[in-house]
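J.: Single-letter residue listing:
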Amino acid sequence: MRTPGAEPIELRDLARELYYPASPLMRPDPLALALSALQRFSSSPAVHRLGLYRPAQRLARAVVREGFRVGTEAGRRFTAARALARPERVGPASPGDLFDLNLTEEQQLARELAQRFANEVLRPAAHDADAACAPPADFYTRLDELALSALAVPSALGGAATEASVVTHALVAEDLARGDAGLAVAALAPLAAAHALSRWGSADQQARYLTPFVEPTPPRAALAICEPRPLFDPTALSTRARADGAGFVLTGEKSLVPLVGGAALFLVAANLEGKGPRVFVVEADAAGLTATREPAMGLRAAGLGRVTFDEVRLPERALLGDAFGSVDFMQLIDLARTATSALTVGVAQAVLDYTIAYANERHAFGEPISHRQAVAFMIADVGVELEGMRLLTWRAAARAEQGLSFHREAFLARALCADKGVEIGTHGVQLLGGHGFIKDHPVERWYRDLMTLSVMEGGLSL
Amino acid sequence: MKILVPLKRVADPDNANKIKIPAGGATIDTTGLEWKPNPFDEYALEAALRLTENGATPKTRGGEVIVVTFGPKECETTLRAALATGADRAIRVDAKDDELDGSIVAKALRAIVDKEKPDAVVMGKQAVDGDSNQIGQMLAQHLGWPQATFAATIEEEDGALLVGREVDGGVITLRVKLPALVTVDLRIVAPTSVYSKQTKRDFKYNDGVRFAALPAIMAAKKKPLAELKLAELVSDTALKVQYSRFEAPPSRKAGIKVKDVAELVTRLKNEAKVI
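Protein chains in written order, with the numbering used here: chain L, 361 to 822; chain P, 1406 to 1680.
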């Protein structure tokens, strides 16, 4: 069993980032020097012998936190630009034929666009973004051309959604992840937040938080669901919220949160005392909120990290939903699972494309290695499993889009994708032999991405 | 400025091995092919969009871009993609692929230009399937317009376009008075290739063809798409170009192994006859 975020903080990575800033938001400063010294100190054998490792780490971490607070998009002001009488929702899509996997023209065009973006922007940037644990400097200007988040915003609020379009979201997620999963997560995290606000947000939340997603520079935002503990189960959250006067007080810790270095808004899953799991809209500059970058094994370009809430006071309006409907928490998890499945399918497709080309070009024993059955069968297995993963994912997305129950389908897709995704990642590395282990080829990155995707929302531990 | 951009869909060059030639070689079997817009036509659309905007505010169109294509109903996907990218309206001339040749398309385009009266026609220098490279030149002749082919740069002036053409050893710059016809080469989508009168000269575009916004794909179906009949535009629809036979390129023969350098030299000399 893998547990998300249970590893100690990778101080070395943090220190390296401070030394070699990946984005102009993070400039080297005297902090870097102090941090480097602290890092050497905390990892020295003497510290371990004296039992000072944990305290030393805590000290280093506290320094890092303060250092990174500067780099966030926190401070973006959210005001209700217009008064909404009631929230805007989009209805379910009309059901298509019983079994028709042909894409609509719009889905086809969206898919071609996402593929082109993946090929021209994401894939060339993937290697460096993985090393830097952050998207490249011009990533957001290129991404904003796509106006991705507006897909989830109802047309009445200036967005593009006239009906639910979960399948289109899944297709775009798959194709972006085929370019690079980490950057795809960075690109899609705000879409996920906008989708949740569109589905469940109150009139005030939509006016305040959802309308900015159609601006030329949409806010960076992310869902915070995972928690750093073994056997994490999204339905049993240890992040707690309690009603306090007119508002709430939020306490707890979230891990594997995308964009912690730059998000202005988090949608945080927490257990509301006496009520059960709920979602809270938390602005990144809330007092008591600390966002700490904590690069994981994969999806590093997404800037994953930890967000802690130390008695964060939230206004009444922070609770997602209102009299017109509160959050269907299981549905939120199921949508997140479907998105993760789609991302897994995209990475697995990248592995398949790459290994086919490699096995046909790479010669050993006087012929292409694809002539060896051990190689050819492995690739065929990847192709078969991948198509199964894709069909389950599309089915979950299609049912979600049509307003049908999709809990079972989302879970099946998630279970298969987590399981087979890791296997496909392993096959990719195996098929490249020695080349599978070095960074000159992307398959080792895809292996790490697939491993990380398998634990999102508590993946395999369920 | 009002610009007409003719587009053609072509078989996806990345899937060219899917093209099949039935026995006899009279036609090409196009079933199962994936279609892409001709790349040079995409460059032409990008150039037309750049000529009708201020680069700093690309969402405000300072002119009109009309895209036109010839073909069956499925070709509307190509037009819809162009509308999503920024074109204002589209025209599809209904025709089967085997009813068309360069001459008919050039004449039909002339009829469309007479009706729409654009200030310029900007089009790809050639389609990457037939590689004929002739419609632009024929259309300019029919219209009696000045033409600048293989454009690498375009700069808008008052009543004229300044067009740079890359030739062996240098660049030729032509000034063509509007209305004019320009066919574009691939350099036209470089960051500093095209400037309208509104775009500041220090503005740099992203390299390549722009990305459509995803919401624009949803909005594209609301933009006007007119359908015309080929017979309404051209009186003589007899094909001037007849394809007599298609054949696949010969498949590569297997190589041979030689024992030593002496044999290699002998074979290069006697069989390959290269030394």
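In case anyone wonders, no lab produced these hints; they're calculated from the structure.
Check each hint, because a few of them may be wrong.
Anything over 10 Å on all C-beta distances counts as not near chain L; from chain P, calculated [as the list claims (entries may be wrong)]:
1. K1512
2. N1611
3. G1613
Have a look at the derived ranges for each label pair, beta carbon to beta carbon [claimed, not checked]:
4. P/N1422 / L/P484: 52 to 62 Å
5. P/V1533 / L/R483: 21 to 31 Å
6. P/T1432 / L/R446: 29 to 39 Å
7. P/V1670 / L/N720: 30 to 40 Å
Note that the Cβ used here is the ideal one computed from N, Cα and C, for glycine as well.
J.: Each hint should be assessed against the structure and marked as holding or not.
T.: Here is what the structure says about each hint:
Against the 10 Å criterion, P/K1512 stays outside the reach of chain L, whose nearest CB is about 30 Å from its own CB. Against chain L, the non-interface label of P/N1611 is violated: not every CB pair exceeds 10 Å, the least being about 7 Å. With a least beta-carbon separation of about 7 Å from chain L, P/G1613 fails to lie farther than 10 Å from that chain, contradicting its non-interface assignment. Distance hint check: the CB atoms of P/N1422 and L/P484 are about 26 Å apart, inconsistent with the given range 52 to 62 Å.
Taken as a hint, the range 21 to 31 Å holds for the pair P/V1533 and L/R483, whose Cβ atoms sit roughly 23 Å apart. Evaluation of the 29 to 39 Å hint for P/T1432 and L/R446 yields a failure: the beta carbon distance comes to about 60 Å. Between P/V1670 and L/N720, the C-beta spacing of about 32 Å keeps the proposed range 30 to 40 Å intact.
The structure fails hints 2, 3, 4, 6 (numbered hints given earlier, in ascending order).
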